[in-house]
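Reconstruct the complex from the two isolated chains, following the hints.
Chains A and B are the protein sequences, given in the same order.
The numbering of the first sequence is the working numbering, which starts it at 131 and goes up by one.
The numbering of the second sequence is the working numbering, which starts it at 352 and goes up by one.
Simulated from the structure, these hints should not be mistaken for laboratory data.
Misleading hints may appear alongside valid ones.
Unchecked claim - Derived list of chain B stretches under chain A, where covered just means 3 residues or more per stretch with a C-beta under 8 Å from a C-beta of chain A:
1) 426-440
2) 472-478
3) 486-500
Claimed, not checked - Taking lysine-lysine and the DSS-like style, the derived pairs with C-alpha atoms no more than 30 Å apart in a straight line are:
4) B:Lys380 <-> A:Lys188
5) A:Lys257 <-> A:Lys521
6) A:Lys420 <-> A:Lys353
7) A:Lys170 <-> A:Lys307
8) A:Lys257 <-> B:Lys380
9) A:Lys521 <-> B:Lys380
10) A:Lys170 <-> A:Lys505
11) B:Lys527 <-> B:Lys540
12) A:Lys227 <-> A:Lys257
13) B:Lys540 <-> A:Lys227
14) A:Lys377 <-> A:Lys257
15) A:Lys226 <-> B:Lys380
16) A:Lys505 <-> A:Lys521
17) B:Lys510 <-> A:Lys377
18) A:Lys223 <-> A:Lys521
19) A:Lys521 <-> A:Lys502
20) A:Lys188 <-> A:Lys505
21) A:Lys188 <-> A:Lys502
22) A:Lys223 <-> B:Lys510
23) B:Lys527 <-> A:Lys288
To be verified - With the C-beta cut set under 7 Å, the calculated list includes, among others, these residues of chain A facing chain B:
24) Ser233
25) Tyr234
26) Asn235
27) Gly236
28) Gln242
29) Gln255
30) Ser271
31) Gly274
32) Ser344
33) Gly361
34) Leu383
35) Glu384
For clarity, every value in this text was computed on a predicted model and none was experimentally measured.
C-beta atoms are modelled at their ideal positions from N, C-alpha and C, and glycine is treated no differently.
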Amino acid sequence: MKKLIFNFLKIGLAVATFNVAVGQDEIQIHKQIDVLGQMKPIPVSLEGFTGEAAEVLKFDLYVQGFSFVAPDAAQYQISGSSAGDVSGRVTDKFAKKVVLSRSYNGASVRRQAHAFADDIVQTIQNKPGIGQTKIAFKSQSPGGNGEIFVADFDGYNKQSVTSDNSIVAKPAWSPGKLAVYYTSYARGNPDIFYHSLSGGQRRVIAGYSGLNTSAAVSPDGAKVAMILSKGGSPNVWVCDADGTNLKRLTTGLEDSSPCWSHDGQWICFATKIAERRRLAKVSASGGPVKTLNTAGVSNPTEPDWSPDGKWIAFTSQMSDFSICVMPVDGSLPPTVLVAGQNPSWAPNSRTLVFNHEIGHRQVLSVLDVFTKQYKDCLRANGSNSQPAWAK
Amino acid sequence: MKMNKLVFPLVIALAATLASTGCRKGTPKTTIIPGHNQQIVGDGSGAGTLPPGPPINPDNPPFGTDKPPGQIATADGWRVEDMNQDRAALAAYRVHFDFDSATVKKGEESNISAVASALASNSGDKLLIEGNCDERGTEEYNRSLGERRALALREALAKAGVDPARVRTISYGKDKPADSGHDEAAWAKNRRGDFILLHPKMGV
Chain A
131 MKKLIFNFLK IGLAVATFNV AVGQDEIQIH KQIDVLGQMK PIPVSLEGFT
181 GEAAEVLKFD LYVQGFSFVA PDAAQYQISG SSAGDVSGRV TDKFAKKVVL
231 SRSYNGASVR RQAHAFADDI VQTIQNKPGI GQTKIAFKSQ SPGGNGEIFV
281 ADFDGYNKQS VTSDNSIVAK PAWSPGKLAV YYTSYARGNP DIFYHSLSGG
331 QRRVIAGYSG LNTSAAVSPD GAKVAMILSK GGSPNVWVCD ADGTNLKRLT
381 TGLEDSSPCW SHDGQWICFA TKIAERRRLA KVSASGGPVK TLNTAGVSNP
431 TEPDWSPDGK WIAFTSQMSD FSICVMPVDG SLPPTVLVAG QNPSWAPNSR
481 TLVFNHEIGH RQVLSVLDVF TKQYKDCLRA NGSNSQPAWA K
Chain B
352 MKMNKLVFPL VIALAATLAS TGCRKGTPKT TIIPGHNQQI VGDGSGAGTL
402 PPGPPINPDN PPFGTDKPPG QIATADGWRV EDMNQDRAAL AAYRVHFDFD
452 SATVKKGEES NISAVASALA SNSGDKLLIE GNCDERGTEE YNRSLGERRA
502 LALREALAKA GVDPARVRTI SYGKDKPADS GHDEAAWAKN RRGDFILLHP
552 KMGV
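Chain B with its partners taken away, still in its complex shape (with noise of 0.2 Å):
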């Protein structure tokens, strides 16, 4: 048995060899090519199994009101899985942008306030802002242009009083449509930021 599984390869290895070597005169070149494609493992791990990430950083960096746009470093020390989320009671604030910008334009400021307040009301809860775009982009530009946007609405909370380390943003770029159309009134409802509030887990 164990001979068998040494020499069958020896005899291929020896009859690629002649052949490549051209033994008879007209003979094309043989090549061998192995009898396998390489097999691909995928996970099969299923949800549920993912592996951990990185050690959340304990040495948080300070933020601040006052720091320049894209300059408030993001919030750790907390997992927006630990928490209940509550996409309703802030559905209604949802927040706008125009083509290709993250800026949170004047008219927004009612809901800016509004989700300010609900958060002022319980300093148990903290926020999730999803940011999105419209298909107008190529993907990788579209998923940190939704970045930028849940940013730029973190950024506006902050100023107006609340604590960014409450706040987690997620972009899913052009992943995740309000609406699946292609036209222009489509694409103004896709550009946009979501509010959903996040509770403590009852017994955490």
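Looking at chain A on its own, in the form it has when it is part of the complex (with noise of 0.2 Å):
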């Protein structure tokens, strides 16, 4: 009998059993693992592509658990070309056997590599590939004023999407749409657009007196949390898609950076409870205000609740900003993963987009919590800052 498992892809198990084959022999060995970070990337060995479609491969192979070995190390072989147009194979080292067989034709060599990207995470990882994916951004000059982006999850093919020279804050995507919310202060207040990505109107959907930020577009598009403090301090209010049937949901002194859990009961957001920083959710129909524990790291903010319901990503500040995760059952404590600030989580529910500090400008880079494998994005000039990831 011969069962390979190297990578152990049900997440979320905190022991987990390799059947190894040595041999004839079999061997059972019982592991720990913690989860989070410490998880062995899956080995493969790239050969026969250049250029861009090498660079592409790589990124996203890299940002979603993958390691590059030599061929004779590697579990899977991928091999192919990119000359004129991309085609590929994977070899299953162990099975012995082509997985996957494929070439690509239209747009450019760089979309074909992301396409050829996603059909070997589908035949390995049996889950969709995140690389034709876009997020949005923002990018701001030294002088506080800046523009929201769109651009491949990997930062090639920025577009702009507002045109004012203004702060702007918090782009939020509506799901499967191609439309954004954000936050502009082009009127002289900070209040909530937005705009469609396909024929370019945009309308302000929240305008009230005082902060109007943080839109988060429920997962079904129909509702949007945000930010407002109409009502006397900055609280989570949340209306329908146009603004429209607005209703406050928290009484607090300071609540910040709301965020829908993946099946729309819940808004997570930050708060401050005696004077102390904390994350805490709310029923998005209203109800009690319950906090989340997550004992070991102080000053958490920018929660993000994965797509799968499984994960909470958040921003600590001890000494400096840290990406964290943590288990949405609470059966496992935070785990602080890398130096950074407004995690995204990607549609696969494993990579998270998020901005981090190079000589006090802000630069967009991609994560991949398992195994702590992180890449920045293309720099782009100015701070760029809380990508959001369009799911």
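See the structure below:
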């Protein structure tokens, strides 16, 4: 019996069982795994690809938990060509068979390579890849003004959404739609705009006196949670996608950064209780505020709930800002992963886009939370932050 | 012409189908990737053509100086853009805050009463309070903290007799530091509230 599971994909279990065939014998290894940030990447070899195609494949696979090794050490051999169009095949070294063979046509070599990376991820991890997904983010000049941009998740093919030369903040995608919400001070006050990226039309959905910021769209796209101060303090409010049916959900002194649970039932946010920063959640239809246990880390803010419902990523602030992830069910304490802020989950619920500081400028980066492998996105001018992954 | 437009996509679709079903042995399946990136359309409107906000709420909830912190609703019924901003008049009364705090310190009382008397001396004037933070906090956390600082100053003014309906608040979070340095001296300057006197525009 040849049963080879080098990389355990059922994340969330504290104890994993490995069945490793050595010669004719089968050895059972029981190993304790600290799941987050400790998982071994899947070793693959990459041959025959050059230039942009090789770069794209390396980036996409690295941030989804693969590492690159010599062919004889690889679990999967990826070979092919990027002369003209991209074509490639994946050989499972242990099963000794070709598990993927495909060629790509049209668009650009870059986009063909992203498509091949997605097919590799689907074949090996049995999950959709993130190679062809988009992010939105803010880009700020030293003076404080900036614009909202959208780009491929690796920072390429950047396009500006706004051209107001104003302070902007916190873009958020409308799920499944080519549309974003964001905060802009263009009218002299922080207001929340809805902006269609296919037609270019935009309108203010929250322009009340005081603070209007941090739009977060429910998974079904029907509701928007946000921070308004019209009630006398910055609190969580919710409204319909067009800004109507406004309802106040919290009454604390200082709330920020709402996000939705995967099922749209909860809104998680940062708050301050007895002068201490905490994460809390409130039912999307209203009710009592429940604090979340983030014991072990200080000053949690900026929560983001994973699309599969298992994890909450957030920013902690000890001496510096760190990206942390904890299971929603509280079964493990938060794990501190890397230095950074503003985590946003990819649709695959294992990769995060975030920003971290290099020389007093913010740079976007993409992190695989299970292996802790991360890579910076294509550098852009200015300070780039508050990335939001399109879902 | 019309015919060509119809037939061309059909040929592509057929080719894609043939390719993906692997009509020849040994040929890998082919994925056809659509030719263009989705075109993203910016607003293209430039300044001055921004859409209007929702109508200003005429049912402004009542205010009172006896309300606990965080309970005085923001003022509606007038717009900061319809007033002339005088940044110099009250610049001397800038208020500073402790790290991560929106508490108006005892030592700031003279600044609060100076701003209150300036407003008392001209009933046509209104006030904009800008709340700002140092860089040691996440962006949206600081945007809320800056707003809370501005609101705390508004509450202090209400206690000093200023009608909160004459006051608007704006938070810049950490986006508008007074000092661009990265040390405690700069941070202390940046944790601040600024008072901007608003005069009625002539002829309005």
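Coverage criterion applied to the stretch 486-500 of chain B (partner chain A; beta-carbon cut 8 Å; 3 residues): Result for this restraint: holds, n = 11.
Evaluation of the interface hint that places A:Ser233 against chain B, nearest CB under 7 Å: Holds. Min distance 5 Å.
Distance restraint between A:Lys188 and A:Lys505, which requires alpha-carbon spacing of 30 Å or less: holds, 10 Å
Proposed proximity, A:Lys377 with B:Lys510 (alpha carbon, max 30 Å): holds, 29 Å
Restraint outcome when A:Leu383 is required to lie within 7 Å of chain B by C-beta distance: holds, 5 Å
Given hint A:Lys188 paired with B:Lys380 - CA-CA distance at most 30 Å: holds, 22 Å
Interface restraint verdict for A:Gln242 against chain B (beta-carbon cut-off 7 Å): holds, 6 Å
Pair hint outcome, A:Lys223 versus B:Lys510 [Cα-Cα no greater than 30 Å]: Given that 30 Å is the threshold and the Cα spacing comes to 76 Å, the pair is violated.
Hinted pair A:Lys505 and A:Lys521, Cα distance within 30 Å: holds, 21 Å
Holds or violated: A:Lys420 to A:Lys353, with C-alpha atoms at most 30 Å apart: holds, 21 Å
8 Å C-beta criterion, at least three residues: is the stretch 426-440 of chain B covered by chain A: holds (count 4)
When the least beta-carbon distance from A:Gly361 to chain B is tested against 7 Å, hint result: holds, 6 Å
Hints 2, 7, 13, 14, 18, 22, 29, 30 from the earlier list are contradicted by this structure; the remaining hints agree with it.
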